[in-house]
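**Q** Sequence:
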Amino acid sequence: MLFIRRAFGGTDLDVTLRVARDGEQALEELAAPRPPDLVLLDLRLPRLGGLEVLAWLRAQAHLARVPVVVLTTSHEPRDVRGAYDVGATSYLVKPVNAEALRTLVQTLGLYWLRLNTPAPDG
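Everything in the sequence shown is counted per UniProt numbering, starting at 1 for the first residue and increasing by one.
Just so you know, these hints were derived from the structure itself, not from any lab. Wrong hints could be hidden among the right ones.
Restraint ranges, calculated between C-beta atoms of paired labels, are given here [claimed, not checked]: (1) Tyr111 with Gly87: 16 to 22 Å; (2) Thr73 with Gln106: 18 to 24 Å; (3) Arg34 with Arg114: 15 to 21 Å; (4) Arg78 with Val15: 19 to 25 Å; (5) Asp14 with Ala64: 23 to 29 Å.
Here a beta-carbon is modelled for each residue, glycine too, at the ideal position from N, C-alpha and C.
From just these sequences and the hints, can you work out the full model?
**A** Structure representation (structure tokens):
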């Protein structure tokens with residue numbers, strides 16, 4: 001997660017990051033009263049995997065419309081298919097290069113947080 005924090009820090013995006021170190025902490029963070037504008041989700045989480053977190057998230061009425069971008073290291077077709085089957089909005093493979101990761105994060109932020117029009121509540 002350090003690389004993601006650094007990547008966001010290298011952009012002009014004004015975001016508040018809430019980072020979970022494992023799947024169980026992710027559920028705690030997502031259970032907060034105010035839903036996040038965007039969830040970046042790694043499939044390789046300790047204690048509770050990303051697909052389980054995603055399935056739980058999609059079962060919560062107040063989180064049903066939150067975009068979830070899977071950002072992981074796996075290129076495996078079964079992981080991609082599994083993520084979309086459970087409700088991922090997008091699936092991206094983390095670049096290994098720090099500059100490429102910063103560009104990816106900048107693009108994600110630009111699209112999801114500035115250009116995209118989210119579904120209205122209710």
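**Q** Give a verdict on every hint.
**A** Going through the hints against the structure:
1. Roughly 19 Å separates the CB atoms of Tyr111 and Gly87, a value that falls within the hinted 16 to 22 Å.
2. Range check, Thr73 to Gln106: Cβ separation about 20 Å, and the 18 to 24 Å hint holds.
3. Judged by the Cβ atoms, the range 15 to 21 Å given for Arg34 and Arg114 holds: they are separated by roughly 19 Å.
4. For the pair Arg78 and Val15, the beta carbons lie near 31 Å from each other, so the given range of 19 to 25 Å is not met.
5. The hint said 23 to 29 Å for the Cβ distance between Asp14 and Ala64, and at roughly 26 Å that hint holds.
The earlier numbered hint that this structure contradicts is number 4, and it is the only one.
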